[in-house]
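Novice: Those protein sequence lines, which keep their order, are chains A and B. Sequential numbering of the first sequence, starting at 1, is according to this note's numbering. Sequential numbering of the second sequence, starting at 1001, is according to this note's numbering.
Hints listed in this document are in silico derivations from the structure and should not be mistaken for laboratory results. C-beta: ideal position from N, C-alpha, C; glycine also. Heads up, a few of these hints could be off.
As the list claims (entries may be wrong) - Here chain A is said to cover these stretches of chain B; the calculated rule only asks that three of the stretch's residues, wherever they fall, bring their Cβ under 8 Å from a Cβ of chain A:
1. 1058-1068
2. 1152-1164
3. 1173-1184
As the list claims (entries may be wrong) - DEER-style ranges, computed between Cβ atoms:
4. A/Glu46 <-> B/Gly1177: 29 to 35 Å
5. A/Arg38 <-> B/Val1022: 27 to 33 Å
6. B/Gly1181 <-> A/His31: 32 to 38 Å
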Amino acid sequence: MARVEVDVTIKPEILDPQGKAILGALGRTGHAGVIGVRQGKHFDLEVDDTVTDDELETIASTLLANSVIESWVIRRVASASTAQ
Amino acid sequence: MTASIGGARIGVITFPGTLDDVDAARAVKYAGAQAVPLWHADDDLKGVDAVIVPGGFSYGDYLRAGAISAHATVMRSVIDAARGGLPVLGICNGFQILAEAHLLPGVVMRNSGLRFLCRDQWLRVENTDTVWTSRYEPGAEILIPMKNAKGRYVADPGVIAELEAEGRVLMRYIGDGPAQGNPNGSLNDIAGICSADGRIAALMPHPEHAIDALTGPTDDGLGMFLSLVDSLLKV
């Protein structure tokens, strides 16, 4: 067993209107020092020992992210045997 | 492909969260064909002559609009059949599903203005040589409803150039803002695209809601369904 984190972010060249709306709200709430926001997605996966790094890459590239518009980073953060 | 005696049979898929399957089936009937209900969890296409992937919010737009539906059981059959030449039309959420299924290039994303937009939209039919648009005059301008929050078409610059060069921009937003024109930031004002052979097509606005002046702004959308029936009945 292991825990895997996958972060999906919109590629820099793709317009992110949600990020722009958040940036606008930060400006209105006194955080004028924030000059850019990009909104992404975070996934926590619990996987058993049969799931290889290649399989994780397939999962991220075919379902969790759309490679046309998004990039992703996969991290194995802990295994159950070492987490305690 | 020639439809059997008794007229063309056109499949209309229903996913959990599909909304416009009833209107799509109604448009098929208006065009003189038989609408065949197809179910997302069933791999059987029931021998249909074409498939319509209708609009709605399949799987609640979870993950990305169309992303979960693109992996539904029925879509595996649709993808195989489409690659073999079966005509397929995606409308609204159907466009998002066909893009996520890689039957058409690019992605449909959240509108640049973040708003859900519901209005009658002017479009120009840019390619009238496809099975879905042959009834229109070249450059025809049509008015049909549009209703979505995620209608912004995005693709790599190379893909956009290829679509333009090959006449694969099927429909384009026209008119002047704010009431018309490009509503959502779609690249090159693209409202709909098609495959190189024109048999796989998709658009964000809704032709199936504009088939009768009694219930829609025009009957401008009916031509898409009549075009398909023409192509299926042609010997």
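Novice: Hint by hint, note whether the structure agrees.
Specialist: Okay, the hints, checked on the actual structure:
Here's how the segment 1058-1068 of chain B fares: 3 of its residues keep a CB closer than 8 Å to some CB of chain A, so the rule of at least three is met and the hint holds. Only residues whose C-beta sits within less than 8 Å of a C-beta in chain A count toward coverage, and the segment 1152-1164 of chain B has 4 of them, enough to reach three; the restraint holds. Counting residues of the segment 1173-1184 of chain B whose CB falls under 8 Å from any CB of chain A gives 0; the rule of at least 3 is not met. Roughly 48 Å separates the CB atoms of A/Glu46 and B/Gly1177, a value that falls outside the hinted 29 to 35 Å.
A C-beta distance of roughly 39 Å is found between A/Arg38 and B/Val1022, which places it outside the suggested range of 27 to 33 Å. A C-beta distance of roughly 34 Å is found between B/Gly1181 and A/His31, which places it inside the suggested range of 32 to 38 Å.
Hint compliance for this structure: hints 3, 4 and 5 are not met, and every other hint is.
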